[in-house]
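A.B. asks: Could you put the whole structure together from the sequences, leaning on the hints where they help?
Under full-length UniProt numbering, read the sequence shown as residues 1 to 186, first letter to last.
Please keep in mind that the hints were generated in silico from the structure rather than gathered at the bench. Every residue, glycine too, gets a C-beta built ideally from N, C-alpha and C. Treat the hints with caution; some may be incorrect.
As the list claims (entries may be wrong) - Each pair of labels, with its calculated beta carbon distance range:
no.	residue 1	residue 2	range
1	P82	D168	40 to 50 Å
2	F86	D167	33 to 43 Å
3	P172	G26	35 to 45 Å
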Amino acid sequence: MVQMESDSALDRGDAAPDFELPGADGETHALDDFATEALLVVFTCNHCPYAKAKVDLLNDLAAEYDDLAVVGINPNDADEYPDDSFEAMREAVADGTVAYDAYLRDETGEVAAAYDAVCTPDPFLFGREDGAWQLRYHGRLDDALNPDDEPTECYVRDAVDAVLAGDDVEIPDRPSRGCSIKWPDE
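C.D. replies: Below, the structure is given as structure tokens:
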């Protein structure tokens, strides 16, 4: 496990890089399929302790907000990390461990690279602007920096509330912390 902090080249106001990926639900999902006012794209996986520590929060967000789509994207090399395989993703969705709006497989890592994601979890919150997704917040989900820490502040919830209210997100972008993405063919 290599701990990383994210610092994406995407800036607030930048358009979301497009994607079309297979989901653990058996469907293919594209960026424009999500008809909500806010979209939280989180590069995540099954094996990383940092990512596992945020599953409940992401499930809660998906359940609580009708106008937010929570999309997990797993770019990790499943040959080296079998817990991150597509089959393991399907199992996590089937048994209710993962209850995001979509849990997608980025087999080649191309989508993660387009977002300049570096760790799991690495969250990107988008809002709709003239029908297009624009980055409104990229940073930590909460203030718990280590898997065993209990959060006292939930940055992403405040950011989602601001996006849904049509307000600017006042929370500064703070690098997310997690395991390095296990890039395929490295």
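A.B. asks: Each of the hints needs a verdict: does it hold here or not?
C.D. replies: For each hint, the structure was consulted:
1. P82 - D168: 40 to 50 Å: 43 Å, holds
2. F86 - D167: 33 to 43 Å: 38 Å, holds
3. P172 - G26: 35 to 45 Å: 39 Å, holds
Comparing the model with each numbered hint stated earlier shows that all of them hold.
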